[in-house]
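2 protein chains.
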Amino acid sequence: MPIYKAPLRDMRFVAFEVFKAEEVWAANPAFAEVDRDLVDAILEESARFNEEVIFPLNRSGDEEGCRVEGDTVRTPAGFREAFRQYAEGGWIGLGADVKYGGQGLPKMVTAMTDEILFGCNPSFALYPLLGIGAALAMSQHADEALNETYLPKIYSGEWSGTMCLTEPHAGTDLGIIRTRAEPQADNSYLITGTKIFITGGEHDLTDNIIHLVLAKLPGAPSGSKGISLFLVPKFLVNADGSLGERNAVHVGSIEHKMGIKASATCVMNFDGARGWLVGEPNEGLAAMFVMMNYERLSMGLQGLGASEVAYQNAAAYARDRLQGRSATGAQCPEKAADPLLVHPDIRRMLLTVRAHNEAARCFAMYVSQALDASKYGVSETDRQKGRDLVALLTPVAKAFLSDRGFDACVMAQQVLGGHGYIREWGMEQLVRDTRIAQIYEGTNGVQAMDLAGRKVVRNQGAYVRLYLEEVRSLLASLQSIPELSAFSHSLTEAVQCLEEATNLLLQQAAADAQAINAAAVDYLHLFGLVSYAHMWTMMARAAVSRRGTDAYYQHKLELGQYFMQRMLPEIDTRLAAIKSGPAAMMQFPAEYF
Amino acid sequence: MPIYKAPLRDMRFVAFEVFKAEEVWAANPAFAEVDRDLVDAILEESARFNEEVIFPLNRSGDEEGCRVEGDTVRTPAGFREAFRQYAEGGWIGLGADVKYGGQGLPKMVTAMTDEILFGCNPSFALYPLLGIGAALAMSQHADEALNETYLPKIYSGEWSGTMCLTEPHAGTDLGIIRTRAEPQADNSYLITGTKIFITGGEHDLTDNIIHLVLAKLPGAPSGSKGISLFLVPKFLVNADGSLGERNAVHVGSIEHKMGIKASATCVMNFDGARGWLVGEPNEGLAAMFVMMNYERLSMGLQGLGASEVAYQNAAAYARDRLQGRSATGAQCPEKAADPLLVHPDIRRMLLTVRAHNEAARCFAMYVSQALDASKYGVSETDRQKGRDLVALLTPVAKAFLSDRGFDACVMAQQVLGGHGYIREWGMEQLVRDTRIAQIYEGTNGVQAMDLAGRKVVRNQGAYVRLYLEEVRSLLASLQSIPELSAFSHSLTEAVQCLEEATNLLLQQAAADAQAINAAAVDYLHLFGLVSYAHMWTMMARAAVSRRGTDAYYQHKLELGQYFMQRMLPEIDTRLAAIKSGPAAMMQFPAEYF
Numbered sequence: 001m002p003i004y005k006a007p008l009r010d011m012r013f014v015a016f017e018v019f020k021a022e023e024v025w026a027a028n029p030a031f032a033e034v035d036r037d038l039v040d041a042i043l044e045e046s047a048r049f050n051e052e053v054i055f056p057l058n059r060s061g062d063e064e065g066c067r068v069e070g071d072t073v074r075t076p077a078g079f080r081e082a083f084r085q086y087a088e089g090g091w092i093g094l095g096a097d098v099k100y101g102g103q104g105l106p107k108m109v110t111a112m113t114d115e116i117l118f119g120c121n122p123s124f125a126l127y128p129l130l131g132i133g134a135a136l137a138m139s140q141h142a143d144e145a146l147n148e149t150y151l152p153k154i155y156s157g158e159w160s161g162t163m164c165l166t167e168p169h170a171g172t173d174l175g176i177i178r179t180r181a182e183p184q185a186d187n188s189y190l191i192t193g194t195k196i197f198i199t200g201g202e203h204d205l206t207d208n209i210i211h212l213v214l215a216k217l218p219g220a221p222s223g224s225k226g227i228s229l230f231l232v233p234k235f236l237v238n239a240d241g242s243l244g245e246r247n248a249v250h251v252g253s254i255e256h257k258m259g260i261k262a263s264a265t266c267v268m269n270f271d272g273a274r275g276w277l278v279g280e281p282n283e284g285l286a287a288m289f290v291m292m293n294y295e296r297l298s299m300g301l302q303g304l305g306a307s308e309v310a311y312q313n314a315a316a317y318a319r320d321r322l323q324g325r326s327a328t329g330a331q332c333p334e335k336a337a338d339p340l341l342v343h344p345d346i347r348r349m350l351l352t353v354r355a356h357n358e359a360a361r362c363f364a365m366y367v368s369q370a371l372d373a374s375k376y377g378v379s380e381t382d383r384q385k386g387r388d389l390v391a392l393l394t395p396v397a398k399a400f401l402s403d404r405g406f407d408a409c410v411m412a413q414q415v416l417g418g419h420g421y422i423r424e425w426g427m428e429q430l431v432r433d434t435r436i437a438q439i440y441e442g443t444n445g446v447q448a449m450d451l452a453g454r455k456v457v458r459n460q461g462a463y464v465r466l467y468l469e470e471v472r473s474l475l476a477s478l479q480s481i482p483e484l485s486a487f488s489h490s491l492t493e494a495v496q497c498l499e500e501a502t503n504l505l506l507q508q509a510a511a512d513a514q515a516i517n518a519a520a521v522d523y524l525h526l527f528g529l530v531s532y533a534h535m536w537t538m539m540a541r542a543a544v545s546r547r548g549t550d551a552y553y554q555h556k557l558e559l560g561q562y563f564m565q566r567m568l569p570e571i572d573t574r575l576a577a578i579k580s581g582p583a584a585m586m587q588f589p590a591e592y593f
Numbered sequence: 001m002p003i004y005k006a007p008l009r010d011m012r013f014v015a016f017e018v019f020k021a022e023e024v025w026a027a028n029p030a031f032a033e034v035d036r037d038l039v040d041a042i043l044e045e046s047a048r049f050n051e052e053v054i055f056p057l058n059r060s061g062d063e064e065g066c067r068v069e070g071d072t073v074r075t076p077a078g079f080r081e082a083f084r085q086y087a088e089g090g091w092i093g094l095g096a097d098v099k100y101g102g103q104g105l106p107k108m109v110t111a112m113t114d115e116i117l118f119g120c121n122p123s124f125a126l127y128p129l130l131g132i133g134a135a136l137a138m139s140q141h142a143d144e145a146l147n148e149t150y151l152p153k154i155y156s157g158e159w160s161g162t163m164c165l166t167e168p169h170a171g172t173d174l175g176i177i178r179t180r181a182e183p184q185a186d187n188s189y190l191i192t193g194t195k196i197f198i199t200g201g202e203h204d205l206t207d208n209i210i211h212l213v214l215a216k217l218p219g220a221p222s223g224s225k226g227i228s229l230f231l232v233p234k235f236l237v238n239a240d241g242s243l244g245e246r247n248a249v250h251v252g253s254i255e256h257k258m259g260i261k262a263s264a265t266c267v268m269n270f271d272g273a274r275g276w277l278v279g280e281p282n283e284g285l286a287a288m289f290v291m292m293n294y295e296r297l298s299m300g301l302q303g304l305g306a307s308e309v310a311y312q313n314a315a316a317y318a319r320d321r322l323q324g325r326s327a328t329g330a331q332c333p334e335k336a337a338d339p340l341l342v343h344p345d346i347r348r349m350l351l352t353v354r355a356h357n358e359a360a361r362c363f364a365m366y367v368s369q370a371l372d373a374s375k376y377g378v379s380e381t382d383r384q385k386g387r388d389l390v391a392l393l394t395p396v397a398k399a400f401l402s403d404r405g406f407d408a409c410v411m412a413q414q415v416l417g418g419h420g421y422i423r424e425w426g427m428e429q430l431v432r433d434t435r436i437a438q439i440y441e442g443t444n445g446v447q448a449m450d451l452a453g454r455k456v457v458r459n460q461g462a463y464v465r466l467y468l469e470e471v472r473s474l475l476a477s478l479q480s481i482p483e484l485s486a487f488s489h490s491l492t493e494a495v496q497c498l499e500e501a502t503n504l505l506l507q508q509a510a511a512d513a514q515a516i517n518a519a520a521v522d523y524l525h526l527f528g529l530v531s532y533a534h535m536w537t538m539m540a541r542a543a544v545s546r547r548g549t550d551a552y553y554q555h556k557l558e559l560g561q562y563f564m565q566r567m568l569p570e571i572d573t574r575l576a577a578i579k580s581g582p583a584a585m586m587q588f589p590a591e592y593f
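Chains as they are written, first to last, in our numbering: chain A, 1 to 593; chain B, 1 to 593.
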């Protein structure tokens, strides 16, 4: 059975030493109640609860899966009780609006608890996560009456939420959905249509399930400008907040999937189900994107959580497993063989995974800080900068962390050899479960186009320049720290590469409408690698002065150099791919494929 | 349900236009019976049989899996009948020694039929494959009486074979196995021990199962120099060839795995089972390596077969699925959306997979030609050159084709978005099934160390120089073909990079015992990429004069350029990683991990 210990030491280093979270919070009235003691207590309890209660259900949940029973979906043994405990612990509302019963903690805290939860059990994590995302979209777009009725129940875990976007013929392209909404005299709507891939569309964890559904009003414009958002509860809610009659929304079936088998992925049939408009007519997609953006950072954290678990299990195996001898002579002559750890190639795999994990954790915190600034910044300038950075970095956080998290799980699985392929060791489940994070909430290709198109080309690189100012100010601060000259050198080269790629992308896009799409994925990976170099340099700066006090800091610097020397050079390969331009793909006629 | 059509056009191009197989065979008395008509007929029948009979069992076999029933293992429905037909079709002995009932066809033919078989059903493929490998090891090491008794029955498919190496504590490190062999008065041995991960260790497809087992004789030297190889049949064989009493070898359990679920992966208990020595005492590992090397090319073909299926299904989906609009304006205005194929990023994924597949197919043929030369070459010079190239290229063929085949399956899965994650589409099974090819028959890390250590450093780069002579002679032939100057330029740079990496590896290895292991995987991937550049240039040379006759040839040249521009530049990243040297891994103390 796999092991897991929440990486609290590393989280504290990132939060308090790299980002100086205490100072950030002390300077912001919105976080007057937040201090290090509180956050330490939250992290300790998150670690304890998830390690003891949620993590053991990950393997059993995968083996048992979900099943349709009549009109509901039965989750695996233990999920219902664990969800109750999770809700009672206040975890669902941890980062939510205090007005609706949330605890109002910054994203810089919930990013850490999300990583722990996703590491322990991604299938379980999706049930509360979807509710939080739905509530977030509502809190910014729904009218007050709806919010007061629904949000406290979602944050308390009595009810849960879903996002109903995809239809059999419409996934990425939501402009062509067919689900329709008929206005009724009482200001409600009757929703009719079929939605697929609905995570937590039906389950037995909560008394009610609140669906946020994209649908089209009569006479709505075609395409994505004619989509509205509706709230459709499984059970109608009476005026006193009690549950009323069953609504006409039912699970048709559940999908049989590669992984996250304990998460119910449902076909949902809306047969004139009663719903209420959220936000303005025909502006549903904008409202849904509030939710999507929230989920997107979480999908990155899913990748990170999994690769942290993968690292810990691969490292434990490499320490224990005796196989072969060190090339420099037996290290454990009293035993039949040396531990796997004596072999450089085993270390290469472990260090590559770990260098990813630690950079990803830092990057998630960087994006979280920007998210907090966008929402709670003390000046409009702060908030605008936060919004711009969030817009730029969210697709990177979603796609790069999930792509590299998947690769890291595969690499960690390799450390176990044949045992990595056997179910009981849990490594293959990590690979299967993490694969979905590259696909859902907008495939990583879609994330890359969002980055290259909407976030770079549309504003002619303005967000990138804003980001590069941040990096350059870090570089300027390094001039007084000669021990970090190697970091400074690598990061400077990386920044130049990102600038070159950005300028190239802008030039290509001006000349050819296909250029953004052709360059997007390589540009996103290049951007992610440069951001990791940025994160490693930030961590190095925080570590360098303490390296005499604790080997932890010295090893931070060493792992950072490992990243710079062995992983960062991939940016040149990505740049070369971008240079080849769209003609390399478009010259082939359709019948070639 | 997934689709598959054997890529016969591309196979014929590689065999007959790139490698001019007819001329090769005509010049070799061993292949006097082999001509194009025969091989065409074999390919057609292989395609028909595998597409119609073997491929449909791939999904159902995955769903049903294997199960232990008493003393045997029940394979999924349809496997038994399909195996009977496969055997009766003569496929098991296709490349086998005519003396024992085989058909003696060159590897240049069976590499193609192996790709088709592995593409259609890797679980099924393993049952005959293990028998063929076992028979091959026997034919080169066992005494004539054993061979006459066993080999014809294996080639006819009446019996099957296994390789029993791994024990619970001994995988890569076979030197520490504990299974022991006690000599008996009648020249037989009693074998006692437990073997794990035994593919096809027990099943219901054949009347007898012939195990090749590594074990230690009393007083044998410790380590890998004290290992002997034994033949242990499930049923003892009477003097007249009929089956006698049940031997004391039994399945303990089967593994629950990530994939290849229709392949029975068994724990085998040998409780004083009667066996016979194959080859010389204490030289079992050498005999087993005959089998291992045969399997290793096959594992590369497994990766290629899967990524070909993955390509075909992703391309079909991209043609059919309507989603979004071309950036240059609607291509199918009469429909709700354009096909996925209008998007450059979709094409990027398809072309990357396809550029891998076509290079891999060519490389497998290149290695097969060397294998044929090593065995049937008309002069000892030819045979020696063949052996040297096979020694050098086998680890590349195994590891690079399986690593890139896995990546290709993941990339093709991504084309299908959410549907790629759903079992019924079959893409996720390709990913799960292909993952094992990176692990078994020696992990890809072990392959890389074999390449960098035994095949490069041990002979101070002699095999690499031999290979580079081949590449340089191709480059020389291009000087008269100005249309191929871009290929020539890219390949020249690639060759320089491989030389630089090889020299660097030799220098590092002279200075540090850890250097080989530290550089190995990056060196192997660099080598593989350079070999693919070599293959693409060979294909371009064969295609260039015919490009006016058929778009097939023009597209070959274009896809080759796609590889050179977008995929080959990774060699620089790999070289940078090698440059960082072993200290980057070894500086961390064991407790760090």
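Hints listed in this document are in silico derivations from the structure and should not be mistaken for laboratory results. Being a predicted model, the structure only gives us computed values, none of them experimental. Treat the hints with care, since some could be wrong.
Chain copies aren't distinguished; within one or between two, either way the pair holds.
Unchecked claim - Derived pair list, reagent style SDA-like, types lysine to any residue, alpha-carbon separation capped at 25 Å:
(1) Lys225 / Asn28
(2) Lys375 / Ala551
(3) Lys375 / Phe289
(4) Lys375 / Leu504
(5) Lys335 / Leu146
(6) Lys225 / Arg546
(7) Lys225 / Ala327
(8) Lys99 / Ala327
(9) Lys335 / Glu63
(10) Lys20 / Asp407
(11) Lys385 / Leu478
I want to check one pair: Lys99 and Ala327. Are their C-alpha atoms no more than 25 Å apart within a copy, between two copies, both, or neither? The answer is neither: 63 Å in one copy and 44 Å across copies each exceed 25 Å.
Intra- versus inter-copy proximity for Glu63 and Lys335 (alpha-carbon distance at most 25 Å): Close neither inside one copy (36 Å) nor across copies (42 Å); limit 25 Å.
If the cutoff is 25 Å on CA atoms, where do Lys385 and Leu478 land: within, between, both or neither? Let me know, please. within (23 Å within a copy, 56 Å between copies)
Copy assignment of Lys335 with Leu146, given that the CA separation must stay at most 25 Å: Neither. Shortest intra-copy (67 Å) and inter-copy (38 Å) distances fail the 25 Å Cα cut-off.
For the identical chains here, do Lys225 and Arg546 meet the 25 Å Cα criterion within one copy, between copies, both, or neither? Classified as neither; 55 Å inside a copy, 50 Å across copies.
Measure nothing new, just compare the shortest in-copy and cross-copy C-alpha distances for Lys225 and Asn28 to 25 Å and report within, between, both or neither. neither (38 Å within a copy, 70 Å between copies)
Reference check for the pair Lys375 and Phe289, CA-CA at most 25 Å: within, between, both, or neither? within (16 Å within a copy, 64 Å between copies)
Within a copy, between copies, both or neither: where do Lys20 and Asp407 come within 25 Å Cα-Cα? neither (31 Å within a copy, 39 Å between copies)
Within a copy, between copies, both or neither: which one fits Lys375 and Leu504 at a CA-CA cutoff of 25 Å? neither (33 Å within a copy, 53 Å between copies)
Could you place Lys225 and Ala327 in one of the four classes (within, between, both, neither) given a Cα distance threshold of 25 Å? Intra 64 Å, inter 18 Å, cutoff 25 Å: inter-copy only.
Between the shortest in-copy and the shortest cross-copy C-alpha distance, which are at most 25 Å for Lys375 and Ala551: within, between, both, or neither? For Lys375 and Ala551, the Cα distance exceeds 25 Å both inside one copy (37 Å) and across copies (57 Å).
The structure fails hints 1, 2, 4, 5, 6, 8, 9, 10 (numbered hints given earlier, in ascending order).
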